[in-house]
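From just these sequences and the hints, can you work out the full model?
Given next are the chains, with one letter for each unit.
There are 2 protein chains.
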Amino acid sequence: MNDCIFCKIVDKEIPAEIVYENEEVVAFNDINPQAPVHVLIIPKKHIPTLNNIVGEQKKLIGEILLVAQKIAREKGIAERGYRTVFNCNADAGQDVFHIHLHLLGGRKMTWPPG
Amino acid sequence: MNDCIFCKIVDKEIPAEIVYENEEVVAFNDINPQAPVHVLIIPKKHIPTLNNIVGEQKKLIGEILLVAQKIAREKGIAERGYRTVFNCNADAGQDVFHIHLHLLGGRKMTWPPG
Numbered sequence: 393m394n395d396c397i398f399c400k401i402v403d404k405e406i407p408a409e410i411v412y413e414n415e416e417v418v419a420f421n422d423i424n425p426q427a428p429v430h431v432l433i434i435p436k437k438h439i440p441t442l443n444n445i446v447g448e449q450k451k452l453i454g455e456i457l458l459v460a461q462k463i464a465r466e467k468g469i470a471e472r473g474y475r476t477v478f479n480c481n482a483d484a485g486q487d488v489f490h491i492h493l494h495l496l497g498g499r500k501m502t503w504p505p506g
Numbered sequence: 393m394n395d396c397i398f399c400k401i402v403d404k405e406i407p408a409e410i411v412y413e414n415e416e417v418v419a420f421n422d423i424n425p426q427a428p429v430h431v432l433i434i435p436k437k438h439i440p441t442l443n444n445i446v447g448e449q450k451k452l453i454g455e456i457l458l459v460a461q462k463i464a465r466e467k468g469i470a471e472r473g474y475r476t477v478f479n480c481n482a483d484a485g486q487d488v489f490h491i492h493l494h495l496l497g498g499r500k501m502t503w504p505p506g
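Taken in sequence, the protein lines are chains A and B. Read in the numbering used here, the first sequence has 409 at position 17, and its numbers run on one by one without any break. Read in the numbering used here, the second sequence has 407 at position 15, and its numbers run on one by one without any break.
Some clues are possibly wrong.
The list makes no distinction among identical chains, and a pair is therefore deemed to hold if it is satisfied within one copy or across any two copies.
To be verified - No more than 20 Å apart at the CA atoms, straight line, and that leaves these computed lysine to any residue pairs for SDA-like: (1) K451 to T441; (2) K462 to G447; (3) K451 to A408; (4) K437 to K451; (5) K462 to I439; (6) K462 to L452; (7) K462 to T502; (8) K500 to D483; (9) K451 to G498; (10) K500 to D487; (11) K467 to P425; (12) K467 to D487; (13) K436 to V488; (14) K437 to L458; (15) K451 to I439; (16) K451 to E415; (17) K450 to E416; (18) K450 to A470; (19) K467 to D403.
Derived by calculation from the structure, the hints in this document are not laboratory data. Note that the coordinates shown come from a computational prediction; the quantities given were computed from them, not determined experimentally.
Structure follows, in structure tokens:
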């Protein structure tokens, strides 16, 4: 956990463009944005991958999606639309092993999703 | 709601290749798969878009992600990896207005995610 870059963002040990924060989650701009709006929403608690989520964390996962909804509204993309993505492990290209929801919007997204 | 194709799948009024079902959700193969594993996971309750989710549905959203995890494990892609996607409204290409989580895996996914 001490080496986790996202835990360091949670702890404000390294900077990020934080767009939202509450007791459970932090949201900040992706440093390599793939769309006009590209925000990462993470739990403050360190959870390495989606495979590690357990039943008692269901509300936390729902909270992450609700925060995505809230940010989409604040950024003015809720009606046009947005995509949310969780990547798990190598085949999906997960690069930081602290779960993070990608919120992408502000442009037309294509299909397939990668 | 009566015209919702996914409600009809929930009610078994139209067929689908159902891979998992419990009291809250149904999961079935996408009819236009974009990866060797491409499953849609939906709540039985009709919720049109991510914009319509409210706080009391956080656990339901978490349950949808937990079912994705479970199916990934059963399909043997949990360790290699998988991507989960929610599309909201036109910019994301949402085509059925009953929320559905895409679970994709069995191949290397690319970036950006569409």
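Here is how each hint holds up against the structure:
1. For a Cα distance limit of 20 Å, the shortest separation of K451 from T441 qualifies both inside one copy, at 16 Å, and across copies, at 18 Å.
2. Taking the closest pair of Cα atoms, K462 and G447 come within 20 Å of each other only across two copies (11 Å); inside a single copy the shortest separation is 24 Å, beyond that limit.
3. Taking the shortest Cα distances, K451 and A408 never come within 20 Å of each other, neither inside one copy (25 Å) nor across copies (29 Å).
4. With identical chains, the CA atoms of K437 and K451 are at most 20 Å apart both within one copy (13 Å) and between copies (17 Å).
5. Taking the closest pair of Cα atoms, K462 and I439 come within 20 Å of each other only across two copies (17 Å); inside a single copy the shortest separation is 22 Å, beyond that limit.
6. Within a single copy, K462 and L452 get their C-alpha atoms as close as 15 Å, and across copies as close as 18 Å, so both meet the 20 Å cut-off.
7. Proximity of K462 and T502 under a CA criterion of 20 Å is satisfied in neither setting, with 23 Å inside one chain copy and 27 Å between copies.
8. In the homo-oligomer, the alpha carbons of K500 and D483 lie at most 20 Å apart only across protomers (4 Å), although the nearest pairing inside one protomer, at 24 Å, exceeds that limit.
9. Taking identical chains as interchangeable, the C-alpha atoms of K451 and G498 are never at most 20 Å apart, the minima being 28 Å within one chain and 28 Å between chains.
10. With identical chains, the CA atoms of K500 and D487 are at most 20 Å apart between copies only, with a shortest distance of 14 Å across copies and 25 Å within one.
11. Taking the closest pair of Cα atoms, K467 and P425 come within 20 Å of each other only inside a single copy of the chain (15 Å); across copies the shortest separation is 31 Å, beyond that limit.
12. In this homomeric assembly, K467 and D487 never come within 20 Å of each other (Cα to Cα): the closest approach is 26 Å inside a single copy and 23 Å across copies.
13. Taking the shortest Cα distances, K436 and V488 sit within 20 Å of each other inside one copy (14 Å), while across copies they are farther apart (33 Å).
14. Taking CA atoms no more than 20 Å apart as the test, K437 paired with L458 passes in both settings, with 17 Å inside one copy and 17 Å between copies.
15. In this homomeric assembly, K451 and I439 come within 20 Å of each other (Cα to Cα) both inside a single copy, at 14 Å, and across copies, at 17 Å.
16. Taking identical chains as interchangeable, the C-alpha atoms of K451 and E415 lie at most 20 Å apart whether they share a chain (13 Å) or sit on different chains (17 Å).
17. When the C-alpha separation of K450 and E416 is checked against a cutoff of 20 Å, the pair qualifies both within a copy, at 13 Å, and between copies, at 13 Å.
18. For the identical chains of this complex, K450 and A470 are inter-copy neighbours only, at 18 Å across copies versus 23 Å inside a copy, given an alpha-carbon limit of 20 Å.
19. For the identical chains of this complex, K467 and D403 are neighbours neither inside a copy (25 Å) nor across copies (37 Å), given an alpha-carbon limit of 20 Å.
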